[in-house]
Amino acid sequence: MFYPLSLFIGLRYTQAKKSNGFVSFVSLFSTGGILIGVMALVTVLSVMNGFEEKQKVRILGAIPHVIYSNDKQQLTQWQDKLAEFATLPHVTAVAGIVTAEALAQTPKGLEGVQVQGVFPDMHPANERVSQSMLVGDFAELTAGSYHVVVGRQLAKKLGVTLGDKIRLMSSKGSVFTPLGRMPSQRNFVVSGMFEVGAEADSLQVFVNAEDAARLMRMPKGSVSGIRFYLDDPFQLDAFDQYPLTAGETFIDWRSSHGQFFQAVKMEKSMIGILLCLIVAVAAFNILSSSVMLVTDKESEVAILKTLGLNNQNIIAIFMVQGAWSGVLGAIVGAITGLVLSININPVLSTIGLNLYAAAGQGGQLPVLFDPVQIAFIIVGAMTLSLAATFYPAWRAARVKPAEALRYE
Numbered sequence: 041m042f043y044p045l046s047l048f049i050g051l052r053y054t055q056a057k058k059s060n061g062f063v064s065f066v067s068l069f070s071t072g073g074i075l076i077g078v079m080a081l082v083t084v085l086s087v088m089n090g091f092e093e094k095q096k097v098r099i100l101g102a103i104p105h106v107i108y109s110n111d112k113q114q115l116t117q118w119q120d121k122l123a124e125f126a127t128l129p130h131v132t133a134v135a136g137i138v139t140a141e142a143l144a145q146t147p148k149g150l151e152g153v154q155v156q157g158v159f160p161d162m163h164p165a166n167e168r169v170s171q172s173m174l175v176g177d178f179a180e181l182t183a184g185s186y187h188v189v190v191g192r193q194l195a196k197k198l199g200v201t202l203g204d205k206i207r208l209m210s211s212k213g214s215v216f217t218p219l220g221r222m223p224s225q226r227n228f229v230v231s232g233m234f235e236v237g238a239e240a241d242s243l244q245v246f247v248n249a250e251d252a253a254r255l256m257r258m259p260k261g262s263v264s265g266i267r268f269y270l271d272d273p274f275q276l277d278a279f280d281q282y283p284l285t286a287g288e289t290f291i292d293w294r295s296s297h298g299q300f301f302q303a304v305k306m307e308k309s310m311i312g313i314l315l316c317l318i319v320a321v322a323a324f325n326i327l328s329s330s331v332m333l334v335t336d337k338e339s340e341v342a343i344l345k346t347l348g349l350n351n352q353n354i355i356a357i358f359m360v361q362g363a364w365s366g367v368l369g370a371i372v373g374a375i376t377g378l379v380l381s382i383n384i385n386p387v388l389s390t391i392g393l394n395l396y397a398a399a400g401q402g403g404q405l406p407v408l409f410d411p412v413q414i415a416f417i418i419v420g421a422m423t424l425s426l427a428a429t430f431y432p433a434w435r436a437a438r439v440k441p442a443e444a445l446r447y448e
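Those letters in the sequence shown? Residues 41 to 448, per this note's numbering, in order.
Since the hints were derived computationally from the structure, they do not count as laboratory data.
Check the hints yourself; a few may be wrong.
In silico lysine-lysine, BS3-like type, Cα no more than 25 Å apart, as pairs [stated by the list, open to error]: (1) K96 - K308; (2) K148 - K94; (3) K205 - K112; (4) K96 - K305; (5) K112 - K148; (6) K197 - K212; (7) K305 - K94; (8) K94 - K260; (9) K112 - K212; (10) K121 - K308; (11) K260 - K212; (12) K148 - K96.
Given the sequences, and given the hints that come with them, work out the whole structure.
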């Protein structure tokens, strides 16, 4: 049982001058180790969180989060499902979409592209591509206009600007002729350009859904799928558990970018484990300093026992003394880590380290704090420090007053 007297004596031991200076050094070193370990964990994981979030916005913001379709990739009565799908968790909007692989041709180049046929009135204004328009607007993608919105990098490769024509050719609507199989093709006029800082800039083109359906020779009013916009693309449980009939399917972003985000997650986990070793080493130092302190204080422990303190009191005293290093190091380390994370870019600039190339667009290392993660780091460091004090405290409780005071 823990007593206030044990707390009082344990805290006094943390402040008292030790007869063995090496004990003080090891104790200070262990506190510093906990501080550095927690600071490194908070700083590095906050930067990794920011990087992951930035990639989520840049990459997943420019592609469909989920697409509902069938084995023929052709839906006719798709409007009937919009109201039902809109009620699914984390869904912010749903819209029909026509997708296909195609070739984009101009006099200056030929590139493979992903065609996305959209309905401008269903296209959310807060969607990533809509917010990243350099010139033009999605509202200009009216049916029958055969306008196209392209990424900046793709426009550069094809050598086009506003008003220029791009020929889109797709095998999806190809027909057989006496000369062989001929792809479906049509000229589109560039009416807008966007830049999201991801592969979509050089891969995707947007046209009106009806124009795309005509290009693919699909029945009038049909689409290839229903696109879902999610507030958090990682929340896909509702789609994994949704009852589908034969031939129906959900295709989400994991099929194209799942490995990338899995690699980022694994990298973050491995870095976290490696940095935890710093805290573990510091915890061993706490154990060492506590063992030396017990040896140094054997006579005092014997006196306390003769005054009536039992084994539980003695254990509590030395656990308080040892755990204090972990508590102090964890709290100060977390605060230092937060301050360093907030000022990470000015600090790197001051010392001349150029990590901006790894930060992506914007030239700044992104930082995102996760309160639960930080709390887990602090509690974990404190728990590890407390566990390291148990053996020395148990050893102190085994001190026999008669033997310890024999030569005093």
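How the hints compare with the structure:
no., hint, in the structure
1, K96 - K308, "holds, 15 Å"
2, K148 - K94, "violated, 34 Å"
3, K205 - K112, "violated, 31 Å"
4, K96 - K305, "holds, 12 Å"
5, K112 - K148, "violated, 35 Å"
6, K197 - K212, "holds, 24 Å"
7, K305 - K94, "holds, 14 Å"
8, K94 - K260, "violated, 39 Å"
9, K112 - K212, "holds, 11 Å"
10, K121 - K308, "violated, 39 Å"
11, K260 - K212, "holds, 16 Å"
12, K148 - K96, "violated, 33 Å"
Hint check: violations occur at hints 2, 3, 5, 8, 10 and 12; the rest are consistent with the structure.
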